[in-house]
Amino acid sequence: QSALTQPASVSGSPGQSITISCTGTSSDVGIYNHVSWYQQHPGKAPKLMIYDVSNRPSGVSNRFSGSKSGNTASLTISGLQADDEADYYCSSYTGSSTLYVFGTGTKVTVL
Amino acid sequence: QVQLVQSGAEVKKPGASVKVSCKASGYTFSDYYIHWVRQSLGQGLEWMGRINPNSGGINYAQKFQGRVTMTRDTSISTAYMQLSKLRSDDTAVYFCARGSSWFFYFDHWGQGTLVTASS
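First to last, the protein sequences are chains U and X.
When we follow the numbering used here, the leftmost residue of the first sequence carries the number 13, and every step to the right adds one.
When we follow the numbering used here, the leftmost residue of the second sequence carries the number 35, and every step to the right adds one.
Quick caveat, the hints were computed from the structure, so don't treat them as lab data.
It is possible that some hints are incorrect.
Lysine-lysine pairs mimicking DSSO-like chemistry, simulated, CA-CA at most 27 Å apart [stated by the list, open to error]: (1) LYS59(U) / LYS47(X); (2) LYS57(X) / LYS97(X); (3) LYS56(U) / LYS47(X); (4) LYS97(X) / LYS46(X); (5) LYS80(U) / LYS47(X); (6) LYS119(U) / LYS80(U); (7) LYS97(X) / LYS119(X); (8) LYS56(U) / LYS119(U); (9) LYS119(X) / LYS53(X); (10) LYS47(X) / LYS57(X); (11) LYS57(X) / LYS119(X); (12) LYS59(U) / LYS119(U); (13) LYS57(X) / LYS46(X); (14) LYS59(U) / LYS57(X); (15) LYS119(U) / LYS47(X); (16) LYS59(U) / LYS97(X); (17) LYS59(U) / LYS119(X); (18) LYS119(X) / LYS80(U); (19) LYS46(X) / LYS119(X).
Reference listing, derived: stretches of chain U covered by chain X, where coverage requires no fewer than 3 residues with Cβ under 8 Å from a Cβ of chain X [stated by the list, open to error]: (20) 28-34; (21) 58-67.
Estimated spans, in silico, between C-beta atoms of each pair [what the hints assert, rightly or not]: (22) THR31(U) / GLY42(X): 34 to 40 Å; (23) SER39(U) / THR62(X): 18 to 24 Å; (24) SER38(U) / ARG101(X): 26 to 32 Å; (25) ARG121(X) / THR37(U): 46 to 52 Å; (26) THR37(U) / SER118(X): 30 to 36 Å; (27) THR150(X) / SER14(U): 24 to 30 Å; (28) SER109(U) / ASP141(X): 22 to 28 Å; (29) ASN45(U) / VAL45(X): 28 to 34 Å; (30) THR62(X) / LEU123(U): 22 to 28 Å; (31) SER152(X) / GLY71(U): 26 to 32 Å; (32) THR121(U) / GLN116(X): 37 to 43 Å; (33) SER39(U) / LEU75(X): 27 to 33 Å; (34) ALA15(U) / THR108(X): 29 to 35 Å.
By construction, the Cβ of each residue, glycine as well, lies at the ideal position given by its N, Cα and C atoms.
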């Protein structure tokens with residue numbers, strides 16, 4: 013099971029919107045609506061931001077939104093803030109013996 | 035509040051085994067899976083496997099089959115992950131995370147345990 017493909021880095025100015033892509037295959041992202049997104053600040057544990065493609069857990073800002081088209085899922089952060097600067101990982105359920113696969117990770121920089 | 039508290043950092047020699055614990059609180063331990071995810075230094079996340087604390091049922095990632103053992107002790111709400119035949123490239127931070135049979139994501143995470151495999 014190969015890692016999902018994400019851009020290594022994305023940047024934006026405060027207040028702008030950015031989108032991070034997460035490309036998988038027809039065996040994971042393309043077939044299951046179980047894509048989740050995690051935010052990780054340096055030295056910290058990941059934090060769930062989006063689950064099942066587009067759902068936000070309680071307490072997560074509505075500036076974070078998710079979507080999916082075919083084998084590619086996307087995370088959009090609108091109204092970019094300094095604290096959004098972090099690494100972001102997508103994950104998908106696969107249904108295979110290796111049940112979950114993560115993305116390669118994207119470093120978001122707020123200019 | 036849900037908390038997963040992991041054991042402290044470990045330094046092991048190549049070829050040895052390491053056992054990391056994950057103590058759960060704030061919820062009914064048997065009602066949720068515990069997953070293990072590792073992150074090599076400066077690298078991405080990698081799913082290792084999960085255990086169902088209620089049944090003891092386990093799923094391991096293909097990559098770790100034969101080297102990883104996941105167990106639990108429901109009397110103390112604690113899950114364990116043992117990795118054997120350590121290599122230098124097993125040096126990583128190991129996280130436990132909560133999951134479920136009815137959802138497909140990881141909603142709470144432990145703080146991580148650094149395991150260093152070095153001679």
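Against the structure, the hints come out as follows:
1. LYS59(U) / LYS47(X): Between LYS59(U) and LYS47(X) the Cα gap is close to 32 Å, so the pair fails against 27 Å, i.e. violated.
2. LYS57(X) / LYS97(X): holds, 25 Å
3. LYS56(U) / LYS47(X): At roughly 26 Å apart (the allowed maximum being 27 Å), LYS47(X) and LYS56(U) satisfy the hint.
4. LYS97(X) / LYS46(X): Cα-Cα ~21 Å, so holds.
5. LYS80(U) / LYS47(X): violated, 44 Å
6. LYS119(U) / LYS80(U): Holds - the C-alpha atoms of LYS80(U) and LYS119(U) are around 20 Å apart, at most 27 Å.
7. LYS97(X) / LYS119(X): holds, 14 Å
8. LYS56(U) / LYS119(U): Given that 27 Å is the threshold and the Cα spacing comes to 14 Å, the pair holds.
9. LYS119(X) / LYS53(X): Between LYS119(X) and LYS53(X) the Cα gap is close to 12 Å, so the pair holds against 27 Å.
10. LYS47(X) / LYS57(X): holds, 25 Å
11. LYS57(X) / LYS119(X): The hint holds at about 25 Å.
12. LYS59(U) / LYS119(U): holds, 15 Å
13. LYS57(X) / LYS46(X): Holds, because 22 Å separates the two Cα atoms, which is no more than 27 Å.
14. LYS59(U) / LYS57(X): Status holds; Cα separation ~18 Å.
15. LYS119(U) / LYS47(X): violated, 32 Å
16. LYS59(U) / LYS97(X): holds, 25 Å
17. LYS59(U) / LYS119(X): This hinted pair is violated, its Cα atoms lying about 31 Å apart.
18. LYS119(X) / LYS80(U): Measuring from Cα to Cα gives roughly 40 Å; hence the hint is violated.
19. LYS46(X) / LYS119(X): holds, 10 Å
20. 28-34: violated (count 0)
21. 58-67: holds (count 5)
22. THR31(U) / GLY42(X): 34 to 40 Å: Check passed, 39 Å falls within 34 to 40 Å.
23. SER39(U) / THR62(X): 18 to 24 Å: violated, 33 Å
24. SER38(U) / ARG101(X): 26 to 32 Å: holds, 30 Å
25. ARG121(X) / THR37(U): 46 to 52 Å: violated, 29 Å
26. THR37(U) / SER118(X): 30 to 36 Å: With Cβ atoms ~31 Å apart, the hint holds.
27. THR150(X) / SER14(U): 24 to 30 Å: holds, 27 Å
28. SER109(U) / ASP141(X): 22 to 28 Å: Roughly 23 Å apart at Cβ, these two residues keep to the hinted range, so it holds.
29. ASN45(U) / VAL45(X): 28 to 34 Å: Since the Cβ atoms of ASN45(U) and VAL45(X) sit about 42 Å apart, the hinted range of 28 to 34 Å is violated.
30. THR62(X) / LEU123(U): 22 to 28 Å: violated, 45 Å
31. SER152(X) / GLY71(U): 26 to 32 Å: For GLY71(U) against SER152(X), whose Cβ atoms are near 39 Å apart, the range 26 to 32 Å is violated.
32. THR121(U) / GLN116(X): 37 to 43 Å: Because 38 Å falls inside the window, the suggested range holds.
33. SER39(U) / LEU75(X): 27 to 33 Å: holds, 29 Å
34. ALA15(U) / THR108(X): 29 to 35 Å: holds, 33 Å
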